[in-house]
Amino acid sequence: MALFEEIRRSPDHGRVPVLALSPADPECTARALEAGVDDCLAKPFHPKEFLTRVERLARPTGRRYAGR
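Count along the sequence shown starting at 1, add 30, and that's the number in the working numbering.
Quick caveat, the hints were computed from the structure, so don't treat them as lab data.
Check before you lean on any hint, since a few could be wrong.
To be verified - Simulated restraints on C-beta separations:
{"no.": "1", "residue 1": "PRO41", "residue 2": "PRO77", "range": "25 to 35 Å"}
{"no.": "2", "residue 1": "CYS58", "residue 2": "ARG86", "range": "17 to 27 Å"}
{"no.": "3", "residue 1": "ASP42", "residue 2": "PRO74", "range": "30 to 40 Å"}
{"no.": "4", "residue 1": "ALA60", "residue 2": "GLU36", "range": "12 to 22 Å"}
{"no.": "5", "residue 1": "LEU87", "residue 2": "ARG61", "range": "17 to 27 Å"}
{"no.": "6", "residue 1": "LYS78", "residue 2": "ARG39", "range": "31 to 41 Å"}
{"no.": "7", "residue 1": "HIS76", "residue 2": "PRO41", "range": "27 to 37 Å"}
{"no.": "8", "residue 1": "LEU87", "residue 2": "GLU36", "range": "10 to 20 Å"}
{"no.": "9", "residue 1": "ASP42", "residue 2": "LEU87", "range": "13 to 23 Å"}
{"no.": "10", "residue 1": "ASP42", "residue 2": "PRO90", "range": "17 to 27 Å"}
{"no.": "11", "residue 1": "LEU87", "residue 2": "GLU35", "range": "12 to 22 Å"}
{"no.": "12", "residue 1": "PRO47", "residue 2": "LYS73", "range": "12 to 22 Å"}
{"no.": "13", "residue 1": "ASP69", "residue 2": "SER40", "range": "28 to 38 Å"}
{"no.": "14", "residue 1": "PRO77", "residue 2": "ARG39", "range": "23 to 33 Å"}
Beta carbons are placed, not taken as given, at the ideal position from N, Cα and C, and that holds for glycine.
Using the sequences and the accompanying hints, generate a full structural model.
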């Protein structure tokens, strides 16, 4: 989880959306969300669900991302 926290503190990457892939463990999912990820997907997952979540995170939301 330290990696997610480091990403959020980064001036270059702090606003980039993060999708975490986690084991099917509610505690792990909760820790990832508490660390600041935007969404969390438990393994195993269906490829369509993965693509849908990535597309949702990639949609413009008014947030400014580094480099844009």
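We went through each hint and held it up to the structure:
1. PRO41 to PRO77: 25 to 35 Å: holds (34 Å)
2. CYS58 to ARG86: 17 to 27 Å: holds (21 Å)
3. ASP42 to PRO74: 30 to 40 Å: holds (33 Å)
4. ALA60 to GLU36: 12 to 22 Å: Check passed, 19 Å falls within 12 to 22 Å.
5. LEU87 to ARG61: 17 to 27 Å: holds (19 Å)
6. LYS78 to ARG39: 31 to 41 Å: Holds, at about 33 Å.
7. HIS76 to PRO41: 27 to 37 Å: Taking Cβ atoms as reference, HIS76 and PRO41 lie about 36 Å apart, which means the hint holds.
8. LEU87 to GLU36: 10 to 20 Å: Between LEU87 and GLU36, where Cβ atoms are some 19 Å apart, the hint holds.
9. ASP42 to LEU87: 13 to 23 Å: Given range 13 to 23 Å: holds, Cβ gap about 18 Å.
10. ASP42 to PRO90: 17 to 27 Å: holds (19 Å)
11. LEU87 to GLU35: 12 to 22 Å: holds (18 Å)
12. PRO47 to LYS73: 12 to 22 Å: holds (19 Å)
13. ASP69 to SER40: 28 to 38 Å: 19 Å Cβ-Cβ, so the 28 to 38 Å window is violated.
14. PRO77 to ARG39: 23 to 33 Å: This hint holds: roughly 32 Å between Cβ atoms.
The structure is inconsistent with hint 13 alone, although it conforms to all the rest.
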